[in-house]
Amino acid sequence: MNDWVDIGCLEDVPRRGARCIKTPLGKIAVFRTADDRVFAIDDQCPHKGGPLSQGIVHGAQVTCPLHNWVFSLESGNAQGADEGAVRTYPLRLHQNRILIDVQTFAAATAA
Amino acid sequence: MAEKLVIIGAGMASGRMLEHLFETDPGRYDVTLFGAEPRGNYNRIMLSPVLAGEKRYEDIITHDADWYAANNVNCRFGQTVTKIDREAKSVFADGVETPYDRLVIATGSAPFILPIPGKDLPGVRAFRDLDDVEAMVAVAEKPDAKAVVIGGGLLGLEAAAALRGRGMEVVVLHLAGHLMERQLDAAAGYLLRRELEGRGIKVHCKAQTKAILGTDRVEAVALDDGTIYPADLIVMAAGIRPETRLATDAGIEINRGIVVSDAMVTSDPDILALGECVEHNGAVYGLVAPLYDMAKVAAKTLTGMAAAFKPVQTATQLKVTGVSLYSAGDFAEADDREEIVLRDATAGIYKRVVLRDNRILGAVLYGDTADGSWFFDLLKRGTDIAQMRDTLIYGQSYSGGASADPLAAVAALPAEAEICGCNGVCKGTIANAINSKGLTSLDDVRAHTKASASCGSCTGLVEKLLMATLGDKYNPAAIQPMCNCTELGHDEVRRLIVAQELKSIPAVMQELGWKTSCGCAKCRPALNYYLVANWPGEYEDDGQSRFINERVHANIQKDGTYSVVPRMFGGLTTANELRAIADVADKFDVPTIKVTGGQRIDLLGIKKEDLPAVWADLNKAGMMSGAAYAKGLRTVKTCVGSDWCRFGTQDSTGLGVRIEKFMWGSWTPAKLKLAVSGCPRNCAEATCKDIGVICVDSGYEIHFGGAAGLDIKGTEVLCHAKTEDEAMEIIAALTQLYREQGRYLERIYKWAKRVGSDSIKANVVEDLGKRRQLFERFVYSQKFAQVDPWEERVNGRDAHEFAAMADFQMLQAAE
Chain Y
307 MNDWVDIGCL EDVPRRGARC IKTPLGKIAV FRTADDRVFA IDDQCPHKGG PLSQGIVHGA
367 QVTCPLHNWV FSLESGNAQG ADEGAVRTYP LRLHQNRILI DVQTFAAATA A
Chain P
83 MAEKLVIIGA GMASGRMLEH LFETDPGRYD VTLFGAEPRG NYNRIMLSPV LAGEKRYEDI
143 ITHDADWYAA NNVNCRFGQT VTKIDREAKS VFADGVETPY DRLVIATGSA PFILPIPGKD
203 LPGVRAFRDL DDVEAMVAVA EKPDAKAVVI GGGLLGLEAA AALRGRGMEV VVLHLAGHLM
263 ERQLDAAAGY LLRRELEGRG IKVHCKAQTK AILGTDRVEA VALDDGTIYP ADLIVMAAGI
323 RPETRLATDA GIEINRGIVV SDAMVTSDPD ILALGECVEH NGAVYGLVAP LYDMAKVAAK
383 TLTGMAAAFK PVQTATQLKV TGVSLYSAGD FAEADDREEI VLRDATAGIY KRVVLRDNRI
443 LGAVLYGDTA DGSWFFDLLK RGTDIAQMRD TLIYGQSYSG GASADPLAAV AALPAEAEIC
503 GCNGVCKGTI ANAINSKGLT SLDDVRAHTK ASASCGSCTG LVEKLLMATL GDKYNPAAIQ
563 PMCNCTELGH DEVRRLIVAQ ELKSIPAVMQ ELGWKTSCGC AKCRPALNYY LVANWPGEYE
623 DDGQSRFINE RVHANIQKDG TYSVVPRMFG GLTTANELRA IADVADKFDV PTIKVTGGQR
683 IDLLGIKKED LPAVWADLNK AGMMSGAAYA KGLRTVKTCV GSDWCRFGTQ DSTGLGVRIE
743 KFMWGSWTPA KLKLAVSGCP RNCAEATCKD IGVICVDSGY EIHFGGAAGL DIKGTEVLCH
803 AKTEDEAMEI IAALTQLYRE QGRYLERIYK WAKRVGSDSI KANVVEDLGK RRQLFERFVY
863 SQKFAQVDPW EERVNGRDAH EFAAMADFQM LQAAE
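Note that the protein sequences, when read in sequence, are chains Y and P. If you use the numbering used here, the first sequence corresponds to residues 307 to 417, in order. If you use the numbering used here, the second sequence corresponds to residues 83 to 897, in order.
Calculated from the structure, these hints are not laboratory results.
Below, in silico cross-link-like pairs of lysine-lysine (DSS-like), each with a Cα-Cα straight-line distance of 27 angstroms or less:
1) K835/P x K392/P
2) K333/Y x K640/P
3) K640/P x K328/Y
4) K333/Y x K669/P
5) K676/P x K354/Y
6) K328/Y x K669/P
7) K354/Y x K689/P
8) K852/P x K532/P
9) K354/Y x K640/P
10) K354/Y x K753/P
11) K832/P x K519/P
12) K604/P x K354/Y
13) K689/P x K328/Y
14) K689/P x K333/Y
One chain only, chain P, in its complex shape:
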């Protein structure tokens, strides 16, 4: 029998969630939908046009009775849920009890009603639902009716404009110094005010409302400064707050909103919440885009799939006919920010773009918002706009086509112009390949046309051609030299190492024209990694080009001592291992013993000369280096999974151990941390790891590209694997692709952002042949990588590292 899903609230968020749910798993739940309004889901955002008389209610219905019937939704519209009984797992509405297996709270928000005298008088309305709209329209139909709107934000102004359009006299009272201060800067706020006043709406800023006057119904509003505005209708649009009363009564964790996890689950694992009533990571949401994202996540959670809500930047547009206004991002002034402003007073145009380090942080457009999405796109992508800075403010068409643009010269070249002299490739050939094969990167063009694949001197031209052909779809990474020793970037160097079969650091420096004799501390470790990764079994690792931690296989501390972390596969240990660790700690006077975030034990404060002896003791107990210092595989964190946990769906511990046994010793561009969680509750925190696995009933969801350091980022889902073997192959192939493409010190999430997850999926998920080849290259490389460096040093390797050359400490005593 299907599980019982009860939903409280029939608004846009729960409506969207149901759509996703019915798409993926239509028969899974027996759905009961409660809505306080006596109607189903409609597009609440479009209430403003309905109030203005531009649309009818019927135009904005999103789910009609047929839809609910087709999906077997038991609709309980017009019934207000008054109680959730979590013990009995049921809800009460109109005294009727309805049991649930899973419950979704989507109660939305409640308008904030100013706590002033007269607030309960008839004629005071919020602007939240169709009933409000109908009540306002009824007042507006009376001749000479007057309205006062309290709140000059998005909602208040839409109401004011609509009521004015219906012929009412309208005053807007606003607490702040200018309208829509959350979305607009003062200049745009001024233009908006001028526009509204031109339409006959009176705007009163810095207005402190003191009381609503009237006996049987509203008659006027009084302000602190003594001003009195007569009114037949008061619209409260001073803000909203999450509607959390039901959840509060039920003892669910509440802060500003109902607190939910990334998976949209409340403090009660059987209860989800989404929409304007929730609080996620300390933030509450009122715009529709993030609510739709929540809906997607909640639907997945309900079907047992792992998903995480990731808030994205949102843009705002005012829906007042005839007013064009657009704002996105952060546009507050600060010392580290610059701005570009364009004002055209007569045309009523104002544009302002706020920049930091040549990247757009925020944009406000008034009067002409055609380029809003273009700016927003640049903002979201974090595109470096240095090249088009001079023309940026004029918008996309200008930045793409004006003669001042650096692309113009390339765009003007005839198709037969030769771009790549080495390989005799002309412009037309490249442009055709870009268009017909859907190429998007320099590497693509090199692979398909050979242009710039030899000496590389035409790389700049090819990039401009990509830009000219693809427009803003092309997102070039500025080529930065590896360091001051060369003009070449990391990718160039790697490509040439392969193409010219360079197999030693001196060979690379000689053939690629290094400007220094011996490189520097930046390029040498990078070159060493590239050579290790590209020529397994052939290249002899150059210890002197490794950072000290990787040279002595321990982590240097601020006082010059080292910390030692033995490997514990999957975070598992034994009494014997712990005993050996305790003995080492006693024997070597280890001052600090700490448990790490990756489920290992860290022995801190060990003298360098003691390291080999410490390792010898740990080796004897069967432990090897935990590589806690490596730009390589660090740890695979696990939860106890189906072995012990009552929620575990698979053997997450076993899989974690298996992965770590398979992958230990591998070098990667930057550190690589993995985790395997046994169920979507995700106790191993796999969704902020470089690579994570979430076990589900149907197999293994493989995630990648998380970060929880300088940057915080949830993973994205790579794919689903049915078996452990398949998961292992995918993870190894993904790691190998990263090993081959990642720039030294570039974490997996940055690599993924640079090359694009689509290209990663194409190689690792879609093309099984490529996946297999990547996997096999990884396996081959592991043949040479899986040597315990501690054991080598216990047996005498690099002995000079750990002993002083001479000791003159007794000199003074001897004299």
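Just chain Y, with the same shape it has in the complex:
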């Protein structure tokens, strides 16, 4: 069962930038690309815990601000020679509103 909740409008997130949402599991970073696609991933680099939301966004990728690991926003996988991945969360864009399925993290907490 999905539970889509409105977290804000597209313009709340800067192009080639990110905002965070706080969850019981920690922060999730919501990204907006130059071509207005949106993605959500854990705001924590698997390398040293760097806040990915603070990185530079290029294409559908982000570079971690601490040690320059690059992650695909689509798959959550580290790019290039680095190995690792972050969890991705499905988002919906509905009439300029960004929706996230709270079950994806609520379920995890309940379990």
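Let chain Y serve as the given structure and place chain P on it in line with the hints.
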């Protein structure tokens, strides 16, 4: 009345120092020169040819009685100074007291005499001075005289060869496994041994000398292994140690040698030391080149000018007639090193070049040393030799002329061959311009001939033409693409941004054919900087292309919190500011407060969402962002200068504050740290800064290109300014030139190395018109740069940065 300068030691180092001193400030000092030897300064390096009978003492005198007289030097040769009284500021020799204002200790080195029985017997000599040479010659003149040389290093072998040349039977005893192990690898050591043995010199390696035998004078040497060599003369050449006894007795700081600062000053500010007796940064020196550098520095220090001794690589050459041997650098084997070796056994030639990352680390040449200086030059320059690697070992002539060489094709082109299609420039035109106008870089050629200044596709050809025309004077920087998004290098991109008037990141990416849609984390910050620097007032800064620190104007820490550093101009603060900082620390539970190297206060561990509130409080107390995160002007460090310090020559604090007030907010290719010291004692450490000022009585010495991070490098002197205004203009012009030419993330010292200090001096010092234009461009750019980013954000700018978009933390509780 002139100050009294007393010098202890009349050797090569102090001799050179006096030459410099008399050149720059002849009347300043009343000089007294003590020398333990009963003669003036001579070229000690040439004692070997004197011992060999190839030269006479008269040939190697460097300063004769006329020179000393002409310069009013009070010579006290043959008088040994036995005591320095630092309280009374005087020295004693033969019971006579001589007062000084400044004292220079140049006592050189003492031979290391093995502490073995018999070492004091007549017939045991060191090889240090003319008396030693005369004593050795006297023994050699006896028929069938035998000599044993202890020590198979440079000095010992020169002595051995010279004595053999005089007809003595000579044995060389050497502790290590091969000769000259400090300068030679084992293979070259073997060839040298073979050569010496061919001349009739016996070489005994791994020799442990046990005792010198004899009753009234030496008769033989006994080794641990039982070998006994008869001897009429023993030459101790087992090494030298700094002669520090006088300094030790006087309570001056000693380690291995007399400890000196970069300015050659000892722990007593009135006493300098130089030459083989000193220790600088933990190293002692025995070769002449660094000693001459010390002499230059000491002379400057004595005349009140700032100067710093910077050790440079030195090369060694053995002065034995008929033996050609050359070594330079580091040639030990290691995993990360490669070597190229050439052996020609019949011709007795051995060459070995040690490389790391295509750069020469060391070279050993035996038999044919003609290319020694060429290799040494490549080594010093750190030249990338990848292109000539295949032919490198054959030397310069081969690498320049063989058909295998990549330059050959360009060199073979006729003068009328067209190189640049866009601008119709042929080879002859370019070559003529290079020669007649003294061009040395790609940019020069572009400026003068337009070749490769348009589409750039002939850049490679033009570079090869520069190489072919200039030979090894041309030192090209390999063009590396900015990143994987483009084939273009930083310089190309910058040039095209200007030429095509590209004023936004998308425009650059579109017009220059970026391979990615949106760039990457490497190129975007660089492009943003180039556009900010080139189009002040026109380009709108792209925050999303800045690294997080510059986007939120604080420094990200490993745990995702931030550190906040308020600006304190020139490192000055007030009780009110400190109170406000303390209040912020209490209010926001700041876990760590630290004083930084740039004389600022750092508040660490601040949560991102608290940043605007922290800034608001700091703003209220009159403080703004200290830009501790910026690739831009960071800090101007100062000492208290003439306001407080008894040594201060100018108002260094005031000048530092003035510079910082003028320059804050400017963006530069990499961080820019300055310092102003009020006197050459340099308490603000200005000589390792990007730009430093040393105040002197006559004005301001402006330095640049220092580093004290990954690399450590003393600054070099740019010029001298008479007034504060002149100093400000020079510093701003220098900064602007760096802003316009530096590659993103390239510190000033790397930029200076790449473009050459001569070109910087030409723009900033020599051409006053250019300096003025640079200064004015800097001033114009500052009109748009001097906005406190904290205040902007306190007033609501980029509010999205500091607040979460949504909060689901209560979700669990709600269910």
